[in-house]
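Visitor: Residues 4 to 266 in this note's numbering are what the sequence shown lists, from first letter to last.
Just to be clear, a hint being listed does not mean it is correct.
[What the hints assert, rightly or not] Quick list of in silico lysine-lysine cross-link-like pairs, DSSO-like style, CA-CA up to 30 Å: (1) Lys195 / Lys182; (2) Lys149 / Lys188; (3) Lys182 / Lys149.
Don't read these hints as lab results, they were simulated from the structure.
In this text the structure is predicted, and so the values were computed from the model without any measurement.
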Amino acid sequence: MSAKCEVSLSSRPRRYAAEVARDPATVRATQALRYHVFAEEMGARLHSRIEGLDYDEIDDYCDHLLVRDTQTGKVVACTRLLSDIQAARLGRFYSEGEFHLDEVLALPGRFLEIGRTCVDPSHRGSVVLGTLWNGLAEYAYNGGFKYLMGCASIPPGPSGFAVDAVYRQIEPHQFGPEKLSVWPKIPVPVRKRCIQDESGIPPLLQAYLRLGCRVLGDPFWDEDFNVMDVFILLDLSRMQARYEKRFIASKQEGSHGALPVVA
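Start from the sequences, fold in the hints, and give me the full structure.
Guide: Next comes the structure, spelled out in structure tokens:
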């Protein structure tokens, strides 16, 4: 792999623990989990050169954050993290393939992009996802990042993509400022839209919103994954100072807890 781990994570014994993949075998374990969730469970068309793995060229530039079941050693959740430095080497962020982001990327400060987030079906719940978020927060804190960004996917309902219905369920304060113009390169086609849908906001998008992420612009239609993607942005300075102080104190005391994440 061409990317190197930029930030280290601390750890202590617990049922689930977050870590950054440090060898090819561990990276492949995250790609196998992604394949299971995206291709086998969701039916996505993946353009991977490696059978049974969800792999693309962006993987080689990312750090791969994962949650491991410490009782079995199994990787049960993962996401990939692309820093602004690595994106410059690659030539782009993943999100730039879906959205026009000139105004967002003109903001001052470091950017960290999150993507391909998934959780093993047998381990889905707040504990595993919370462990992943805590690892993400510590990674972002240690790396001095200002913004977290990425794409959150919304699957279609029985009648299609209920764009308006989903957006109505998002609270007004959960949308980003209008001054940051973001628009999709491929909007959701009219033929794929429906008026009503009772499925609600998907759990992963709901989790992003609870972190404090904001939705910007209209969704992008990802035909390969058969989902609509919304662009999300989090100003990491929104994390309350007391949580940062708790993290610093735990380091000084020799405790190896991860930085808690809050909206």
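Visitor: Please go over all the hints and tell whether each is borne out by the structure.
Guide: Evaluation of the provided hints:
1. Taken as a hint, the Lys195 and Lys182 pair is honoured in the structure, with Cα atoms around 29 Å apart against an allowance of 30 Å.
2. Taking the CA atoms of Lys149 and Lys188, the gap is about 25 Å. The hint holds against a cut of 30 Å.
3. Restraint check for Lys182 and Lys149: satisfied, since their Cα atoms lie roughly 18 Å apart, inside the 30 Å limit.
In summary, this structure violates none of the numbered hints.
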